[in-house]
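Here the protein sequences come in this chain order: A and B. Going by my numbering, the letters in the first sequence line up with residues 44 to 462, in that order. Going by my numbering, the letters in the second sequence line up with residues 44 to 462, in that order.
Since the hints were made in silico from the structure, they are not lab data. Accuracy of the hints is not assured; some may be wrong.
A pair counts as met if it fits within one copy or between any two copies, since identical chains are not told apart.
[Unchecked claim] No farther apart than 25 Å at their CA atoms in a straight line, the calculated lysine to any residue pairs in the SDA-like style are these:
| hint | residue 1 | residue 2 |
| --- | --- | --- |
| 1 | 255 | 240 |
| 2 | 48 | 376 |
| 3 | 155 | 401 |
| 4 | 324 | 359 |
Protein chains: 2
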Amino acid sequence: MELKKQITRIARRALNASRTLSNLASFEKNRILVEMAENLKGQKEEVLRANKKDIAAARAGRLSEAFIDRLALNEKRIEEMVSGLLGVARLTDPVGEEIKAWDVPSGLQIHKVRVPIGVIAIIYESRPNVTADCIGLAFKSGNSVILRGGSESLNSNIAIFKALDAVVKKNNLPPGTINIIATKDRQAINILLKLNDYIDLVIPRGGEALIKKVTALSRIPVIKHYKGICHVYVDDYADLNMAEKICFNAKVQRPGVCNAMESMLIHRDVAARFLPGMLKKFKEAGVEIRGCPLTLKISKERIKKAKDADYRTEYSDLILAVKVVASPQEAIRHINKYGSHHSDAIVTEDENNSREFLKKVDSACVYVNASTRFTDGHQFGLGAEIGISTDKLHARGPMALEELTSYKYAIWGSGQVRE
Amino acid sequence: MELKKQITRIARRALNASRTLSNLASFEKNRILVEMAENLKGQKEEVLRANKKDIAAARAGRLSEAFIDRLALNEKRIEEMVSGLLGVARLTDPVGEEIKAWDVPSGLQIHKVRVPIGVIAIIYESRPNVTADCIGLAFKSGNSVILRGGSESLNSNIAIFKALDAVVKKNNLPPGTINIIATKDRQAINILLKLNDYIDLVIPRGGEALIKKVTALSRIPVIKHYKGICHVYVDDYADLNMAEKICFNAKVQRPGVCNAMESMLIHRDVAARFLPGMLKKFKEAGVEIRGCPLTLKISKERIKKAKDADYRTEYSDLILAVKVVASPQEAIRHINKYGSHHSDAIVTEDENNSREFLKKVDSACVYVNASTRFTDGHQFGLGAEIGISTDKLHARGPMALEELTSYKYAIWGSGQVRE
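Construct all of the structure, not just a fragment, from the sequences and the given hints.
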């Protein structure tokens with residue numbers, strides 16, 4: 044009960060703060076972001092000290108090395124947070140933009156204007172840098188933010204938060220401008236997700252289990268991506284050299300991320316020419332292949348047979364499912380059935396096949412002749428990224444400042460009444 | 044269990060159909076919409092016969108006359124559905140529109156393209172015309188639709204649905220293009236709202252209880268408006284003649300709808316001049332007033348005292364809460380605290396006060412010198428309306444065809460890989 048009161052109070056303060064933040068001038072916000080960056084830099088030692096505590100606890104709890112790597116901060120990672128905040132200060136402020144304006148026969152002048160969403164809650168797992176990144180993006184877009192990080196990184200998150208909140212206080216911004224739920228109590232999420240009277244949007248960032256939990260519990264709109272099961276389809280009209288480079292990049296360059304390729308599809312007419320060399324390169328890079336019967340037949344390596352479940356799995360690792368298909372249409376059907384609507388590519392020199400693939404693959408980002416690894420706010424030229432959405436409502440694909448805004452209609456009349 | 048299987052099958056078919064619908068040409072969709080209109084007209088007798096059954100059952104169940112009025116169809120109401128479908132056929136198809144396009148330094152060409160959302164479920168109450176209206180809008184925007192109407196109008200809904208579905212079948216559109224949950228079993232909604240693997244969006248249309256239920260149960264994104272607690276604020280710089288006309292229109296012209304005024308706020312410096320005449324006009328129109336202490340003092344009529352709860356109530360009736368405020372800022376604070384973020388207006392000749400009101404009132408539609416009654420897809424020039432959103436995600440204010448779309452990124456490369 045006490046916790047519920049506490050969290051409700053935080054949410055109510057965040058809502059109050061959001062009223063002020065929505066009307067802050069861009070130059071004010073930018074000046075404060077620069078101060079935040081400077082103060083975070085100045086508080087480096089405190090942050091690293093707090094992080095050491097978290098790491099010690101993680102080691103004592105026998106958490107995996109991969110987990111500890113995500114949790115660990117060092118000079119370089121703090122420097123990245125600092126330059127992230129400075130980068131956000133330099134981005135164009137989306138708030139106040141006139142999206143559209145028109146007159147209607149009644150004489151009303153309707154202006155569709157970009158405004159902040161209001162209060163955004165971010166629920167994330169182990170990476171402490173999310174704390175600074177999300178505060179920067181939410182603040183720049185005029186939203187107040189409530190952070191709920193993983194309990195394993197709580198000390199690190201609090202230290203980062205304090206460095207930024209000191210700037211909020213120094214500048215007399217309203218209390219509740221930025222907020223952190225500083226408890227390890229797992230009930231906190233359940234409480235937070237019911238506060239739809241105060242919070243406008245929840246963005247969960249983490250593994251599938253977290254995202255499913257948030258979706259199931261939340262009464263607040265959620266934007267999310269469950270999985271990144273990305274495909275590259277090598278068409279019979281592909282430049283096979285290009286296809287080899289794209290497939291290799293999509294799988295190997297950073298296999299742990301959501302825009303890495305998990306399944307490779309090849310048109311049967313080029314499979315015999317393409318697969319042996321490709322699979323050899325993958326083998327050299329340590330990629331385990333799970334192939335369809337035709338792949339097994341063509342391959343000169345000894346490879347595992349793919350089960351149906353392999354085509355539905357986000358390995359996030361050096362494992363790849365491979366399937367030979369009879370047509371671009373079969374590739375499209377496979378991707379829509381087994382994929383996660385994230386990022387999928389065709390490699391082809393045929394314009395009709397390109398256009399059909401772009402139209403019919405139901406994914407956030409559909410590529411012709413490029414690696415799926417480009418699905419990223421920075422690579423898209425958005426200057427930042429708060430997540431990637433595989434939903435279709437509000438935001439789809441890489442989300443940055445603009446996706447953290449809503450709009451309102453401002454309407455000028457001269458005494459109009461409705462007949 | 045049988046019901047769950049049935050509804051899941053409907054949702055799966057809807058998803059399959061949506062793949063085809065998303066790529067239908069505009070002229071095809073328009074031709075089919077015209078055929079739907081004609082067939083609905085042709086099936087008029089069947090629809091009216093089915094409606095008679097529903098009305099008889101409603102009377103037997105002693106449902107209110109207001110309820111039966113919403114349920115009842117006649118020649119005129121069928122004609123409105125028919126012309127609604129023809130109107131949607133004439134609207135511009137939003138699907139395929141290029142929203143934005145840009146190049147990035149890697150050489151990728153990024154196109155942000157408007158696409159259908161996919162599968163939309165509409166959960167509604169007694170008005171059978173929603174069946175035809177929603178089918179028309181969903182079909183035109185390339186979405187498949189699953190309808191779940193009120194059990195009291197089931198016969199009417201099925202008759203309308205059949206008239207339109209015959210056209211779907213005749214034109215060999217995929218099964219699942221339009222769908223109706225034709226059961227009175229209340230479990231159907233619970234099942235439907237868990238099918239987030241198939242359904243992309245739920246739009247509930249009805250009273251607050253329905254909308255709260257849908258929001259609490261759904262794992263699918265919901266767009267909704269709970270209430271319409273709309274305000275008109277009469278500023279000390281108002282043209283009081285204009286203010287009287289606007290307030291009268293906002294309250295009296297159609298008190299049962301969501302964009303009607305529920306609370307009127309008046310600057311104290313003009314209250315003594317404005318209120319007596321205004322309240323007299325309201326009295327003549329049968330409006331019951333509930334006023335703040337100052338209103339009671341100024342008024343020459345005998346009026347009720349407003350309780351705090353009155354300012355939070357959507358009367359949908361000839362009842363009005365009235366409050367005298369000390370400043371535009373107090374009006375803004377009152378609206379943001381007690382309102383429902385739907386539609387609010389200021390009447391003033393002062394540009395600063397106008398701009399402050401437009402910026403700070405956190406509502407979907409904010410008016411200067413016009414009645415709140417204009418919040419409507421048709422009045423906004425959108426040509427249609429599937430609902431009004433008081434949410435801030437995806438769509439805010441009147442929703443028409445464009446709000447039934449999402450987007451995807453279509454990206455053209457020439458062999459790019461990520462370094």
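Results for each hint:
1. With identical chains, the CA atoms of residue 255 and residue 240 are at most 25 Å apart both within one copy (22 Å) and between copies (12 Å).
2. Proximity of residue 48 and residue 376 under a CA criterion of 25 Å is satisfied inter-copy only: 24 Å between copies versus 50 Å inside one chain copy.
3. For the homomeric pair residue 155 and residue 401, the shortest alpha-carbon distance between copies (12 Å) is at most 25 Å, but the shortest distance inside one copy (30 Å) is not.
4. Proximity of residue 324 to residue 359 under the C-alpha cut-off of 25 Å is restricted to the intra-copy arrangement: shortest distance 19 Å within a copy versus 70 Å between copies.
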